[in-house]
Every structure is written in structure tokens, then in C-alpha cells.
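Per the working numbering, residue -13 is the first one in the sequence shown, and the count goes up by one each step.
Hints may contain errors.
[Claimed, not checked] Taking lysine to aspartate or glutamate and the DMTMM-like style, the derived pairs with C-alpha atoms no more than 20 Å apart in a straight line are:
no., residue 1, residue 2
1, K89, E70
2, K71, D32
3, K71, E133
Note that these hints are calculated values from the structure, not bench results.
No experiment lies behind these values; they were computed from the predicted model shown.
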Amino acid sequence: MSRSLRHGALAATALVVSIGALTACGAGNDAQTLQVRPDNAATAVDDIKIQNLNIITQPEPDAEGPAVIAATLFNDGTKRQVVEKITLPGTSATVKLQAAKGKGPLVVPAGGRVIIGGKDNASAVIEDGRQAGAGGNVQNVAFTFSETGDVQLGAAIVPATGYFADFGPSTLPSAKPEPTPSGSTSETPGAPSDGTSESPSGTATDTSTPTDEATATD
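Hey, can you work out the whole structure from these sequences and the hints?
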């Protein structure tokens, strides 16, 4: 190999090594590429965008209780939009909506957003969580907006554990009560065992059977 070819090969190798080193330094231990989460359901219809949609159920798969819908709603239009209802097509589940301050309709302001789920945010509660479906499945969720109308997309069903623990149902199943002992004693508490009973005035009276005594005769 000629000297010029060797110099060219060495230069190319050095360039590849330097690019690899820069890439590694740029990534670092806290790089976003090391903390990627699977994309959640998202869609856009007219002025409405829905992102990060999930249905969050009870932590334990066999637990009874409500489930919740978590999502972020964006309104890119010039008019506010009211979320009139949320349904789960194909089920008879009832979804109760509540604004962040607890009063009035659930409104997505013009040019703004609304977060559903989590502390101090609006809420959408599925009263019977079992009707939402089993964890790991996908359930269709239909949002009805005052201007845009119906927007439907699939939501992943996840338990309220790990990352989703703070966004899950606020009402969790209560622990089962401890069984009470069935055994009972036949002895009356506080009753004396010496054959005497106490009268209401506090004077002990003899309850034993008197024996016959011989009478003296003149």
C-alpha cells in the first residue's frame, strides 16, 4: 500500500472513532434515549388533539373498585370546547366527569389544554373498573366535544402501579375485616365462685342449701 493510501485510511479511521466518541459523550447516562417510554395513544381531529391516553385500573387484577381515564386534551381553535361526555364503546360502563375545581363542565379553553387524571386535575372515573377491561388490553374511548363532536381512539389498560400509581383511582379497595373469634366462655364475668351472690345493696347473701338441725326437747 502506498504512503498516501495509508494516510487516507488512518484519517478515515480517526474520523469514525471521533464521531463515535462524540456520540457517546452526547448521550451520557441520563440521555433521553435511555429512558424512552412506549408512546401512548394520541390523535388529532380538527382543532382537538388527544395525547397520553390510558385507562388506569386498580393495582391488583382481582380487586374491585373504580378505574380512571388519563389523557391530555389540547384545543388549537379560537373557541372553547366542552367535553360533554366520555364513553367506552361496546360496554355499558358509566364515566363520571369532573372539572379540576369540582364545579361546572369540563372545558378545554381556546388555545389551551386540560389534563385529565392526577392530583388537582380534572377527572374521568369509570365507576365499575371491571367494565374497563383487563390490564394489557386496549379499550376504545370516545370523547364527545361541543364543537368537534366525537373523537375515538384506543387506550391501553394499565394498573395503578409504578409510573401510573399517582394517576390511578383515588378510591382503592379496603382490606377485608379480621374474623372475630367464635369461642365463648360459659362463666359469667364477675360472678363469685364461692357459692355466694352479692345483693344490690352490696351485702353478700348465703345461697347454700341449709341442713336440718336437731331440735332439743325438754
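Quick rundown of the hints versus the structure:
1. K89 - E70: holds (14 Å)
2. K71 - D32: Between K71 and D32 the Cα gap is close to 18 Å, so the pair holds against 20 Å.
3. K71 - E133: Distance ~13 Å between K71 and E133 Cα, so the pair holds.
In terms of the numbered hints stated before, the structure departs from none.
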